[in-house]
Amino acid sequence: MAGAEFLDALPARLTELPPSIELSAEQRAARERARRFLQEELLPRERQFPECDHLPAEVEEHLNARARELGLWAPATPRELGGAGLGVLGAVLIKEQVAQSVLGDVRQDRGIGGDPWPALFQATDEQKQRYLYPHLRGEKRMFFALTEPAAGSDAANIQTRAEWEGRGWRINGRKHFIGAGGRADFGVVFAVTDPVKRARGGITCFIVDRETPGWRWVRDIETMGACRPAELVFEDCRVPPSNVLGEVGQGFVLAQQTLSITRIRQAALCLGTAQRAFDLLLPWLRRRVTFGRPLAQREAIRWLVARAAADLRAARLLTYSVAQQIDRGVDVRWEVPTAKTRAAQMACRVVDLAMQLHGALGVSRDLPLERLYRDIRSMRITEGADEIQRDLIARELAGREEPVSA
Amino acid sequence: MTSMANSSIPMDAERPAPRDLAALRAALGRIEAVAREEALDRAPPPPSEQAGLVPDLATAAYQLGLTARLLALGRRAVVARRAGQARRFLLAEVALDLAAARRLLYAARPDDALSVALAALGARDALAAALPRVLDLVTADEWAVFAAVRERAEATLRADLAGGRALEAAAALLLDQDERAAIEEVC
Numbered sequence: 001m002a003g004a005e006f007l008d009a010l011p012a013r014l015t016e017l018p019p020s021i022e023l024s025a026e027q028r029a030a031r032e033r034a035r036r037f038l039q040e041e042l043l044p045r046e047r048q049f050p051e052c053d054h055l056p057a058e059v060e061e062h063l064n065a066r067a068r069e070l071g072l073w074a075p076a077t078p079r080e081l082g083g084a085g086l087g088v089l090g091a092v093l094i095k096e097q098v099a100q101s102v103l104g105d106v107r108q109d110r111g112i113g114g115d116p117w118p119a120l121f122q123a124t125d126e127q128k129q130r131y132l133y134p135h136l137r138g139e140k141r142m143f144f145a146l147t148e149p150a151a152g153s154d155a156a157n158i159q160t161r162a163e164w165e166g167r168g169w170r171i172n173g174r175k176h177f178i179g180a181g182g183r184a185d186f187g188v189v190f191a192v193t194d195p196v197k198r199a200r201g202g203i204t205c206f207i208v209d210r211e212t213p214g215w216r217w218v219r220d221i222e223t224m225g226a227c228r229p230a231e232l233v234f235e236d237c238r239v240p241p242s243n244v245l246g247e248v249g250q251g252f253v254l255a256q257q258t259l260s261i262t263r264i265r266q267a268a269l270c271l272g273t274a275q276r277a278f279d280l281l282l283p284w285l286r287r288r289v290t291f292g293r294p295l296a297q298r299e300a301i302r303w304l305v306a307r308a309a310a311d312l313r314a315a316r317l318l319t320y321s322v323a324q325q326i327d328r329g330v331d332v333r334w335e336v337p338t339a340k341t342r343a344a345q346m347a348c349r350v351v352d353l354a355m356q357l358h359g360a361l362g363v364s365r366d367l368p369l370e371r372l373y374r375d376i377r378s379m380r381i382t383e384g385a386d387e388i389q390r391d392l393i394a395r396e397l398a399g400r401e402e403p404v405s406a
Numbered sequence: 001m002t003s004m005a006n007s008s009i010p011m012d013a014e015r016p017a018p019r020d021l022a023a024l025r026a027a028l029g030r031i032e033a034v035a036r037e038e039a040l041d042r043a044p045p046p047p048s049e050q051a052g053l054v055p056d057l058a059t060a061a062y063q064l065g066l067t068a069r070l071l072a073l074g075r076r077a078v079v080a081r082r083a084g085q086a087r088r089f090l091l092a093e094v095a096l097d098l099a100a101a102r103r104l105l106y107a108a109r110p111d112d113a114l115s116v117a118l119a120a121l122g123a124r125d126a127l128a129a130a131l132p133r134v135l136d137l138v139t140a141d142e143w144a145v146f147a148a149v150r151e152r153a154e155a156t157l158r159a160d161l162a163g164g165r166a167l168e169a170a171a172a173l174l175l176d177q178d179e180r181a182a183i184e185e186v187c
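First to last, the protein sequences are chains S and E.
Counting in our numbering, the first sequence runs from 1 upward without gaps.
Counting in our numbering, the second sequence runs from 1 upward without gaps.
Simulated from the structure, these hints should not be mistaken for laboratory data.
Given the structure is predicted, the values throughout are model-derived calculations rather than measurements.
Here a beta-carbon is modelled for each residue, glycine too, at the ideal position from N, C-alpha and C.
There could be a bad hint or two in this list.
[Claimed, not checked] Incomplete in silico selection of chain S near chain E, CB under 10 Å:
1) Thr15
2) Ala156
3) Asn157
4) Ala310
5) Glu370
6) Asp391
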């Protein structure tokens, strides 16, 4: 095959040189402050709260205040809106540090980060006054409600309906696995407004206040990790036209844009979790002696550790690169699934390895490894399962799937 | 155990200036492109003869070029076959490995021995993992091309069986010293 013919065969992003990753002095400084926050505020408190879904209010308030003092609050929110203005890459660097603690921003609803779900940046001025600014001040919490019992990965298949009644919208439907759904003051709720168009102009995003009649919290769902996402029901829940977020019919696009950013934040979370496990592992391997030799001197273990290091570094580089490109306005549809799925799989592998090489101690509650293990598994499922990410990558490479020919 | 003294990774090089790093990236890109686009038309230059390059990085660039060539073969097969989901996912795995290994390669710094070792390891593993996956994808029409690329791939992989040298180089840096390894500082 000649070179010219071959050049048509791959997306340019797999043949051009990857962009160099450059951190600004401000981003480096923020990473250092986040490291301080981790070491001074989070790690010392870990043993006090071994199994909590959320921290006691006074502890959370203290941590939020400290995060503000250190310039870590709302890192990805633009300065003109009241955030730290560090961009998505800055937020990734901070989240990666904070997520090294099991008390860190393990889930969106932990309230240590301050950034809203990115969909809220589409708010009108009036919506910003009512929802965005109170959220940034830490006065209100929010949730993001897309997932439903019959529409997880297949988000375009949501069944929640919003019907126009002449003066406003009436929402009916059920959402589940909604982080912070039980404690939030308002949420962004996605509903079908045109059943024919559906994802192609027939899904709309609404801001729904907790006090709205018809909103019903059903339960918090127990999971293997610390997260307790909620199941919510909307029964004849009436919202005014002023609560439409973005344009009517453009909700699915808004959801996709939001998930592109939150998937990268989730990748950062995976990096932090894996780094913690790796940092626990290395000194243990040097210290632990079996059959007269430290584990660190055994070839099979050395090779496993080396591969884990390559895995972690590659996921980190992919994640930083995607975050930097988002900040530069580059189309990252191809790179987001790559970074997200790689980071999630890597973190599961690294935490599992650290647990395995610690032996029985790894599964004990004397170490945080068992907690990291339980918390990290959902990262391969939430905000786009591995299989969905692979499908997106394959689609970018080879087009949409066609029926297998007979 | 292989010590770093036996590795091709320089331990005492001066930290390269950004311009030198840009030149290094460009040189690696050229090696990768040749392996990718002309794999069957031109014999690869021995990596040790790549002027001004760390040999392990030159080898990694060559291996990633071959991996990209395999990915392209797999992609053509998936399109031609109208392949189903399982084969499409195999293709995605090859692409994921390639993307990750390319990041490791192009972020490696000659003065950072761990980054070089991990780049070498990433490229080797990406190529080794791509071979059986693309074997399951490739069509009869492309078999001769695949076999030729596989021959080149096996030749370069044999130079470091199972990645043992790269693995030991990385493991020594991670485990044979007490201080925390600097894998967190990638940039």
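Quick rundown of the hints versus the structure:
Of the supplied interface hints, the one on threonine 15 (chain S) holds, with its beta-carbon coming within about 7 Å of a beta-carbon of chain E, less than 10 Å. Against a cut-off of 10 Å between C-beta atoms, the interface hint on alanine 156 (chain S) is violated, since the closest Cβ of chain E lies about 18 Å away. Hint status for asparagine 157 (chain S): violated, given a least beta-carbon distance of 18 Å to chain E, over 10 Å. A distance limit of 10 Å between C-beta atoms decides the matter here; for alanine 310 (chain S) the minimum to chain E is near 4 Å, and the interface restraint holds.
Interface hint at glutamate 370 (chain S): violated, since its Cβ lies 23 Å from the closest Cβ of chain E, which is beyond the 10 Å cut-off. With its C-beta approaching chain E no nearer than about 7 Å, aspartate 391 (chain S) sits inside the 10 Å limit, and its interface hint holds.
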